[in-house]
Amino acid sequence: MYYKINPTGCTERNGLVQVRFDCYLEPADAGYAEHHVTVPIMTEPYPGKVDAEGIPEDQKDFDKWIASLPTETRDNPFCCHFRCFEPDVTDADLVKAGDEILTMAGANFQKGDLKQNTNPKVTFTTNLSKITASLNRVESIKTTDFTKVVNLSDSKVK
Amino acid sequence: MGAIDIGPGATDRPSFLPFNKTYITLGNPANGSGTLDTFEIFAYGDTMEGCKIGTFSGSGTSYTMRDYESIGNVSYGSKQTFTGKSCDVVTGDYIGWSSTYGWIEASTSGAEGQYVNDNNCFDSSEHTYSFQTGYASSLYATGATGATASLPIFAYHYNNMRP
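Chains as they are written, first to last, in my numbering: chain A, 1 to 158; chain B, 1 to 163.
Some hints here could point you the wrong way.
Claimed, not checked - One-sided and incomplete, this derived list gives chain A residues near chain B with beta-carbon spacing under 7 Å:
{"id": "1", "residue": "8"}
{"id": "2", "residue": "9"}
{"id": "3", "residue": "11"}
{"id": "4", "residue": "35"}
{"id": "5", "residue": "42"}
{"id": "6", "residue": "45"}
{"id": "7", "residue": "82"}
{"id": "8", "residue": "114"}
{"id": "9", "residue": "115"}
{"id": "10", "residue": "141"}
{"id": "11", "residue": "143"}
These aren't lab readings, by the way, just hints derived from the structure by calculation.
In this text, all values refer to a predicted model and were calculated from it rather than measured experimentally.
Ideal Cβ positions, reconstructed from N, Cα and C, are used throughout, including at glycine.
Given the sequences, and given the hints that come with them, work out the whole structure.
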């Protein structure tokens, strides 16, 4: 298993730094096939008629077009877990948390119950200084390469 | 604390729905009040971007968002599960979504129906929606009953300025 910090899900949330950890299985892991998917690549929009809501009018024609598209095979996350941190959280703290989250999520995935994923209790705040600090920390997280965090060679981060 | 669930289910459905709208899907309204911590979505056709999922209350064609979570991108091809969230919910609320790009697996007949607005309605105002008979979006969420995590009104409105 491995994980990635996904910047698209990292935001300031109620005064804290919310970080998204995307957890992935590897071929040797049980249940790998569920999220190892082959999907069509939409290189251009559907050329057929669509209704006012953007839905194809001829479902059979649409299905035929989908079947004609090139495909790619890739791994989707088996779980995307969010956790909130104080704005002074270090990169090393985030990597350590990611490893812990991966272990937790992996175990709960094998039990078939990702709802059991939990977080430590946090205190939300309306303090504007803290909100600003969290917003700034989120921006730095979004551009950090966490594989280069020092002294964490055993980490599963990618 | 008891278990709460909301939403018609994040499954592979026969059709899909496009982005840049707000959808409130009526299947399986919330069966308790508390906090939702796990969301499931089944995206279609391409990676969803800027996805938001929230709880909505109202009647007729007028609904107001209660709380929401920013999810970010959603991969397509398999059901995606997002845990560690904290979204307020009250008994009878419906679940809704919007995204800035991408599509969601959907039913366009045979389901409980949903409401749609062509704008981003993830704010604290009441909005008017159009009904889509038989429609459902592939969404589901679970959580626990108990006190919600809401902040005072100022912070609520401030946080609704967030992406």
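Going down the list of hints, with the structure as the test:
no.: 1; hint: 8; verdict: holds, 3 Å
no.: 2; hint: 9; verdict: holds, 3 Å
no.: 3; hint: 11; verdict: holds, 5 Å
no.: 4; hint: 35; verdict: holds, 5 Å
no.: 5; hint: 42; verdict: holds, 5 Å
no.: 6; hint: 45; verdict: violated, 10 Å
no.: 7; hint: 82; verdict: holds, 4 Å
no.: 8; hint: 114; verdict: holds, 5 Å
no.: 9; hint: 115; verdict: holds, 5 Å
no.: 10; hint: 141; verdict: violated, 13 Å
no.: 11; hint: 143; verdict: violated, 15 Å
In the structure shown, a violation is registered for the earlier hints numbered 6, 10 and 11, in ascending order.
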